[in-house]
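Here is what each chain is made of, one letter per residue.
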Amino acid sequence: MKFIDEFRRSDLAKGLVSRIAQRSKNNVRFMEFCGGHTVAIFKYGIRQLLPPTIEMVSGPGCPVCVTANSDIDKCIAFSQLSDVIVATFGDMLKVPGSRSSLQRAKAEGADVRMVYSALDALSMARDNPDKSVVFLGIGFETTAPTIAASILQAQEQKIKNYHVFSMHKLTPPVVKAVLNAGEVKIGGIVCPGHVSVITGSQAWEFVAKDYGIPCVVSGFEPLDILQCIAMLVEQVEGGRSEVEIAYSRGVCHEGNVEAQKLMHRVFQSSPAEWRGIGRVPGSGLKLAEKYSRFDAERVFEIEPGESYEPEGCICGEVLRGVRTPNDCALFNTICTPQSPVGPCMVSSEGTCAAYYLYGGDSRG
Amino acid sequence: MAEQDRILLAHGSGGRMAHELISKSFIRELSNPLLARMDDSAVVSFNGKLAFTTDSYVVSPIFFPGGDIGKLAVCGTVNDLAMSGAKPLYLSLAFIIEEGLLFKDLKKVVVSIKAAAHEASVQIVTGDTKVVHHGSADKLFINTSGIGIIHDRVKISGSNARPGDVVILSGTIGDHGVAVLSKREGLSFSTKLKSDCAPLGGLVADMLEASRDINCMRDPTRGGLATTLNEIAQQSSVGIRIDEEAIPVREEVLGACEMLGLDPLYIANEGKLIAIVPQTEAKSVLKAMKKHPYGKEAAIIGEVTKEKPGRVVMNTRIGSSRIVDMLTGDPLPRIC
Numbered sequence: 001m002k003f004i005d006e007f008r009r010s011d012l013a014k015g016l017v018s019r020i021a022q023r024s025k026n027n028v029r030f031m032e033f034c035g036g037h038t039v040a041i042f043k044y045g046i047r048q049l050l051p052p053t054i055e056m057v058s059g060p061g062c063p064v065c066v067t068a069n070s071d072i073d074k075c076i077a078f079s080q081l082s083d084v085i086v087a088t089f090g091d092m093l094k095v096p097g098s099r100s101s102l103q104r105a106k107a108e109g110a111d112v113r114m115v116y117s118a119l120d121a122l123s124m125a126r127d128n129p130d131k132s133v134v135f136l137g138i139g140f141e142t143t144a145p146t147i148a149a150s151i152l153q154a155q156e157q158k159i160k161n162y163h164v165f166s167m168h169k170l171t172p173p174v175v176k177a178v179l180n181a182g183e184v185k186i187g188g189i190v191c192p193g194h195v196s197v198i199t200g201s202q203a204w205e206f207v208a209k210d211y212g213i214p215c216v217v218s219g220f221e222p223l224d225i226l227q228c229i230a231m232l233v234e235q236v237e238g239g240r241s242e243v244e245i246a247y248s249r250g251v252c253h254e255g256n257v258e259a260q261k262l263m264h265r266v267f268q269s270s271p272a273e274w275r276g277i278g279r280v281p282g283s284g285l286k287l288a289e290k291y292s293r294f295d296a297e298r299v300f301e302i303e304p305g306e307s308y309e310p311e312g313c314i315c316g317e318v319l320r321g322v323r324t325p326n327d328c329a330l331f332n333t334i335c336t337p338q339s340p341v342g343p344c345m346v347s348s349e350g351t352c353a354a355y356y357l358y359g360g361d362s363r364g
Numbered sequence: 001m002a003e004q005d006r007i008l009l010a011h012g013s014g015g016r017m018a019h020e021l022i023s024k025s026f027i028r029e030l031s032n033p034l035l036a037r038m039d040d041s042a043v044v045s046f047n048g049k050l051a052f053t054t055d056s057y058v059v060s061p062i063f064f065p066g067g068d069i070g071k072l073a074v075c076g077t078v079n080d081l082a083m084s085g086a087k088p089l090y091l092s093l094a095f096i097i098e099e100g101l102l103f104k105d106l107k108k109v110v111v112s113i114k115a116a117a118h119e120a121s122v123q124i125v126t127g128d129t130k131v132v133h134h135g136s137a138d139k140l141f142i143n144t145s146g147i148g149i150i151h152d153r154v155k156i157s158g159s160n161a162r163p164g165d166v167v168i169l170s171g172t173i174g175d176h177g178v179a180v181l182s183k184r185e186g187l188s189f190s191t192k193l194k195s196d197c198a199p200l201g202g203l204v205a206d207m208l209e210a211s212r213d214i215n216c217m218r219d220p221t222r223g224g225l226a227t228t229l230n231e232i233a234q235q236s237s238v239g240i241r242i243d244e245e246a247i248p249v250r251e252e253v254l255g256a257c258e259m260l261g262l263d264p265l266y267i268a269n270e271g272k273l274i275a276i277v278p279q280t281e282a283k284s285v286l287k288a289m290k291k292h293p294y295g296k297e298a299a300i301i302g303e304v305t306k307e308k309p310g311r312v313v314m315n316t317r318i319g320s321s322r323i324v325d326m327l328t329g330d331p332l333p334r335i336c
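Chains as they are written, first to last, in this note's numbering: chain D, 1 to 364; chain Z, 1 to 336.
It is worth saying that the hints were derived from the structure and are not from the lab.
Beta carbons are placed, not taken as given, at the ideal position from N, Cα and C, and that holds for glycine.
Straight-line C-alpha distance at most 20 Å; calculated SDA-like pairs for lysine to any residue: (1) 106/D <-> 136/Z; (2) 43/D <-> 223/Z; (3) 43/D <-> 258/Z; (4) 43/D <-> 308/Z; (5) 43/D <-> 326/Z; (6) 2/D <-> 192/Z; (7) 43/D <-> 247/Z; (8) 183/Z <-> 114/D; (9) 183/Z <-> 117/D; (10) 43/D <-> 239/Z; (11) 43/D <-> 321/Z; (12) 2/D <-> 190/Z; (13) 308/Z <-> 359/D; (14) 43/D <-> 260/Z; (15) 24/Z <-> 126/Z; (16) 106/D <-> 328/Z; (17) 107/Z <-> 92/Z; (18) 43/D <-> 249/Z; (19) 43/D <-> 327/Z; (20) 2/D <-> 247/Z; (21) 306/Z <-> 359/D; (22) 2/D <-> 246/Z; (23) 192/Z <-> 1/D; (24) 2/D <-> 260/Z; (25) 43/D <-> 243/Z; (26) 43/D <-> 317/Z.
Rough simulated footprint, nothing fancy, chain Z against chain D, three-plus residues with beta-carbon under 8 Å: (27) 42 to 53; (28) 336 to 342; (29) 349 to 358.
Build out the structure end to end from the sequences listed, making use of the hints.
Structure, rendered in structure tokens:
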């Protein structure tokens, strides 16, 4: 398939693998921020192709995984309201909250429907005028602009029964939080591809400048990732720390300025709670005052109850890159994709799910 | 009156309306001497080993590109029989209809059942109809059971795969699942892709003609190729190693999967089979398959190994390898 096959060519992959092996002298740990990268790395078996000098760790880049349990509990609480349809991306359905999951709430009679975009949820509101639709807004800079667009459309078309529960998160602040915590020594960052399409590679300049850590923005095909790792190795060995792009077909320095404007028009930044990381200032997006009538949290009163983390689950540490799923006593014993304990085992972009499905290290 | 266009609860009452429905809608289309007797059971004679299977069909939407629930209900059960090496002969056919179903839709389904049964050379010999309240079923559910006979020398089972055997796939994967997804509410996207739904009895007969020594056969329906290969690996306590590059996938399927974040390995097929055969038989079986219209794109995709019993490993396109696990739950599209 055009634009796909070119980025999966085995001859080019072999060339990059030997380039990495030749140049890499010093031991180094790279973090791939994005869950999409984690999955691609496992799916194509990229870890096995790297020399022993390079260690890859996964970061907090799976939107479902970093959603705090208190937010999941709120999602479920919205589904318990009468005459409310909860519209959600499929990934959220199975995530366990403190007491239940959306999937379970649905089985118990709640009206929870899977959609593929916020605009589908908006049509759902149009088609069900006697009900209220609460769309669960989740994701990073990648999804936030389309959800902002759906709110503007709702306003323009005077659709009053469309609401968004915004759990959106911003990536640069959390990268900063992880680096400030200093729990893991990181020698380079595989910067998120889709996020950088919106933010531009400029978003990562502070990492290279203030922390002296090499950054390379990567796409999601195996050649993109290998190219990115090769560029990171070259920065490390050359003693450089810059922001480079290995995904120039999608990403530029400034990013998508229109999408950024749209996002900042509808949302305003706020502190946000991240699973395993805690409250990170300026890392969340809530609806701006002007659009408060679309804000599900302000329109509906819910009783989500007290939230707590599942016992024994180390998702939080996995998200910070401090430990791997293999360090977790629950991994592949009590916690499997069939009966997940933590969100990292649920999401298709979760680190635990990737380890489980693609035989990460121990299961191979 | 508009009501006459639709199935009513009374059509399932067992009274006159039910009789009319059965004789006009079903018997007229599907008639054969065994069905026409209208006794409580169909009585048939047999010699030899019998294969007996059942399956229920609840696909939504009931019409999709390349088929419908009726064709699926015939092909699915015929294929289950064929996968044990049986020649499919007789089917039962039971409908659970949601009140309000349009007669013209039911008719379309029955006509399609007739065509599929004809192609598969099976007879519908007994049946049942129930009508349930609105909301108690989704338009139309169908159950079919089937009987076939198996040649004495044929010994096919999911537990017969042996190290050294060759894995053959009869054609492209994911066509059915993606075709159905493309018409599903809330997700319609345009594609020229059609379901691969087809009865495979003829293809299997040709394969068995080429070699009686086929060890395993399975149709990778729900859960897709990955799940079916895992089932065989576990049942036979062997490892299976497949080659990503050898697996035929249509561009349209690849494109839709890229877009939705799905993996073709886990997408359902309704007209494909996997055969596991000793190396010595592989060439002749593959040749026979390629001659049949439903096996034109057949390919050897891997081999059975001693290593990692119960596991499926795939050589990836870029020269590495990884585990291929079973599907867990429904494949859900990703967020970003």
